[in-house]
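A.B. asks: Sequence:
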Amino acid sequence: MSSFDLLNLGTQSMLTNQSQLNTVGQNISNANTDGYSRQRVNQVSLEDRTGVFVNDIQRITDSFLTKQLWADQAVYSQTETFSNLANQVDDLLASGTSSVSNALDNFFGAMQSVVDSPLSMPSRELFIAETDSLVRRFNDLDSNVRRLDESVDTLMGSLADQVSVLASNVAGLNEQIRVAVTQGSGANELQDQRDLLIQDISELVGITVIEQSDSQLNLFVGNGQPLVVGGNSNQLMRVSGDAYSNQSELKLMIGGRLNDVTDEVSGGQIGGLLQYRDEVINEVRDQLGLLAISFAETMNQQHQSGMDLNNNLGENIFNDVNVSSAQFNRVTANADNLSGMNSATVLIEDVSQLHATDYELVYNGPNDISIIRNSDGVMFNSSDFTAETGATVSQGINAVDQGEIYFDPDKKAISVAFDGIKVTIETDTQLTTGDRFLLTPVRTGADDLQLKMVDAEKLALASPVRVTPDTTNDGTGIAYATVTDPTGLAFANSHSLTPPVDVVFNNTDPLTYTLYDISQPDNPQVLDLGAGPLANQTFVAGEEIQLEGFSVRIENTPKAGDRFRFEYNLDGFSDNRNALELSGLQNDSLTREGSYQDIYGGLVEWVGSRTATASIAVQANKAVLDTTVGAKASVSGVNLDEEAAKLVQYQQAYQASAQLIRVSQTIFDSLLSSI
Numbered sequence: 000m001s002s003f004d005l006l007n008l009g010t011q012s013m014l015t016n017q018s019q020l021n022t023v024g025q026n027i028s029n030a031n032t033d034g035y036s037r038q039r040v041n042q043v044s045l046e047d048r049t050g051v052f053v054n055d056i057q058r059i060t061d062s063f064l065t066k067q068l069w070a071d072q073a074v075y076s077q078t079e080t081f082s083n084l085a086n087q088v089d090d091l092l093a094s095g096t097s098s099v100s101n102a103l104d105n106f107f108g109a110m111q112s113v114v115d116s117p118l119s120m121p122s123r124e125l126f127i128a129e130t131d132s133l134v135r136r137f138n139d140l141d142s143n144v145r146r147l148d149e150s151v152d153t154l155m156g157s158l159a160d161q162v163s164v165l166a167s168n169v170a171g172l173n174e175q176i177r178v179a180v181t182q183g184s185g186a187n188e189l190q191d192q193r194d195l196l197i198q199d200i201s202e203l204v205g206i207t208v209i210e211q212s213d214s215q216l217n218l219f220v221g222n223g224q225p226l227v228v229g230g231n232s233n234q235l236m237r238v239s240g241d242a243y244s245n246q247s248e249l250k251l252m253i254g255g256r257l258n259d260v261t262d263e264v265s266g267g268q269i270g271g272l273l274q275y276r277d278e279v280i281n282e283v284r285d286q287l288g289l290l291a292i293s294f295a296e297t298m299n300q301q302h303q304s305g306m307d308l309n310n311n312l313g314e315n316i317f318n319d320v321n322v323s324s325a326q327f328n329r330v331t332a333n334a335d336n337l338s339g340m341n342s343a344t345v346l347i348e349d350v351s352q353l354h355a356t357d358y359e360l361v362y363n364g365p366n367d368i369s370i371i372r373n374s375d376g377v378m379f380n381s382s383d384f385t386a387e388t389g390a391t392v393s394q395g396i397n398a399v400d401q402g403e404i405y406f407d408p409d410k411k412a413i414s415v416a417f418d419g420i421k422v423t424i425e426t427d428t429q430l431t432t433g434d435r436f437l438l439t440p441v442r443t444g445a446d447d448l449q450l451k452m453v454d455a456e457k458l459a460l461a462s463p464v465r466v467t468p469d470t471t472n473d474g475t476g477i478a479y480a481t482v483t484d485p486t487g488l489a490f491a492n493s494h495s496l497t498p499p500v501d502v503v504f505n506n507t508d509p510l511t512y513t514l515y516d517i518s519q520p521d522n523p524q525v526l527d528l529g530a531g532p533l534a535n536q537t538f539v540a541g542e543e544i545q546l547e548g549f550s551v552r553i554e555n556t557p558k559a560g561d562r563f564r565f566e567y568n569l570d571g572f573s574d575n576r577n578a579l580e581l582s583g584l585q586n587d588s589l590t591r592e593g594s595y596q597d598i599y600g601g602l603v604e605w606v607g608s609r610t611a612t613a614s615i616a617v618q619a620n621k622a623v624l625d626t627t628v629g630a631k632a633s634v635s636g637v638n639l640d641e642e643a644a645k646l647v648q649y650q651q652a653y654q655a656s657a658q659l660i661r662v663s664q665t666i667f668d669s670l671l672s673s674i
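Per numbering that gives the first Met the number 0, the sequence shown starts with residue 0, numbered consecutively.
Derived from the structure by calculation, the hints contain no laboratory data.
Warning: the hint list may mix true and false statements.
[As the list claims (entries may be wrong)] List of simulated lysine-lysine pairs, DSS-like, C-alpha gap at most 25 Å: (1) 645 x 631; (2) 66 x 621; (3) 621 x 631; (4) 66 x 631.
Computed from a predicted model, the values in this text were never measured in an experiment.
Turn these sequences into a full structure, and let the hints steer you where they fit.
C.D. replies: Below you can see the structure in the form of structure tokens.
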């Protein structure tokens with residue numbers, strides 16, 4: 000081997016080891032750089048013992064672990080975001096300062112005071128104050144939940160903008176990497192930067208990543224909608240929803256067209272926001288609305304059956320749940336409908352049958368509709384309803400809470416009753432197949448609740464029917480009166496019962512009774528409600544005797560000759576019978592969900608359960624993410640001890656290479672001197 004060969008070997012060795020030292024130095028200096036992947040010099044021996052050269056500087060990474068990291072990051076970010084937001088709602092519902100449960104307890108506590116002292120004006124005024132506080136608690140809680148919903152929309156827009164910026168940066172790096180790869184130069188640092196940006200994107204939204212042959216990475220969201228393709232990116236944005244959905248939508252601008260990806264996107268903070276909005280916000284508002292509507296309607300109905308300090312029948316304590324504006328606001332036509340809507344209403348008919356949900360009504364063609372209950376996905380078709388009188392169809396299946404349906408082609412109208420509501424839709428043109436309508440019977444119930452009763456004297460705590468047993472009665476009979484319809488004929492005239500009635504017991508075996516109209520006390524007449532005189536009726540203890548607007552019930556065992564009088568309770572202000580009825584509503588099972596507290600308690604429990612489950616999921620997903628981060632770091636991370644050892648190794652090799660050059664120089668000098 001000539002001295003020239005030695006010189007060449009030494010030079011190549013020195014340059015190769017210099018590259019090794021530079022790479023080790025690069026690794027050491029970037030040991031704490033986010034996203035940096037350690038590098039390694041791959042050197043190759045030349046044939047025929049002619050030296051060594053640097054084949055490439057390899058970026059040490061594992062594509063499987065990298066993609067797994069992005070996927071785990073998206074899952075963790077979604078669960079963390081959902082958990083944080085669910086905790087906020089949980090705090091709102093359970094907090095003593097915002098909880099409806101506490102306000103309900105205070106309301107019924109104040110009611111107990113008027114039960115005990117119906118004539119006490121301070122007790123009456125306290126009840127009005129606590130009622131007002133309860134109304135404001137409903138309003139404020141619904142407002143706070145809606146405010147959280149609005150903050151979700153705002154945050155979703157901000158996050159979508161961040162995704163768009165990051166996607167644009169990834170596309171730019173894709174182009175730089177493509178050029179570098181084409182030219183044969185290194186792109187390790189560019190690829191590190193790109194991977195870090197993609198991880199930032201996965202923190203915001205779930206993505207699918209596919210690598211091209213030229214080392215570019217394509218990013219897709221949802222079900223394959225392109226976010227980044229090569230050097231081009233598409234913009235993700237939040238767009239205000241129409242009145243039908245009443246919620247913002249996520250759209251991806253592709254080729255100048257906006258594509259809705261709201262229902263397809265998952266993962267990341269955006270996925271957590273959408274999950275929270277879809278699974279929690281509407282459910283909470285619907286449950287609060289159901290409670291508010293049920294509470295107001297049942298309280299109003301019972302209060303109307305009482306008598307106030309002015310001898311008048313009770314008025315509504317709360318606003319009517321079926322005011323025109325509320326009925327109209329419960330129906331929204333889809334913007335794509337071809338028929339124009341003249342009028343559409345949802346009437347609350349029976350709170351005991353209400354569901355805490357919204358519905359979608361779809362017109363399928365003449366005399367054919369379908370209704371989807373969104374809480375459980377149950378679908379009702381036209382055949383599930385009976386037809387109202389005059390309907391153009393006559394189905395016979397009565398499967399949906401005594402449902403009814405009515406089609407009127409002349410008026411271009413549909414009327415359908417189910418689940419405690421009645422929906423009426425009238426259009427200015429014939430309905431078109433595919434027309435859709437969103438029904439939200441209870442969603443705004445808590446926000447709509449208002450206090451109407453502000454005058455303590457108008458609290459109707461007494462029963463309007465006075466029951467007076469004759470002083471000469473010998474039996475053990477006890478008589479009761481229950482108002483069944485305060486608009487009935489019995490209460491047609493102010494401050495009087497039409498007619499006042501005596502129940503007089505006749506024979507002993509069997510015991511019978513006769514009802515007398517005593518409008519003229521000196522000339523009583525046997526009462527006749529249109530089906531014949533109510534004389535010599537067989538007595539059954541505890542049986543309700545239905546009259547026009549009220550019923551009477553007599554317990555135990557009266558005797559022949561016993562008499563009970565039923566008349567207007569004029570000036571009977573110390574009577575607390577209607578107050579007792581109002582108070583008794585607290586524990587009555589008035590809805591499908593149970594009592595008032597059952598509804599709210601169920602909501603708190605449901606949100607608490609979702610929150611606890613989400614918290615567990617956060618911990619589990621964090622552990623998975625940490626494991627993946629550790630696995631990736633073990634492959635791509637810089638081990639300073641290892642690099643320090645390599646530094647010594649390559650330093651010695653570099654010095655040995657220099658020695659080769661010196662030896663070749665000595666040999667060359669010896670050759671020259673021998674000539």
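A.B. asks: Is residue 66 within 25 Å of residue 631, Cα to Cα?
C.D. replies: holds (10 Å)
A.B. asks: Residue 621 and residue 631: Cα distance at most 25 Å?
C.D. replies: holds (15 Å)
A.B. asks: With the threshold set at 25 Å, check whether the alpha-carbon distance from residue 66 to residue 621 stays at or below it.
C.D. replies: holds (16 Å)
A.B. asks: Checking one constraint from the list: CA of residue 645 to CA of residue 631, max 25 Å. Satisfied?
C.D. replies: holds (21 Å)
The structure agrees with every numbered hint stated previously.
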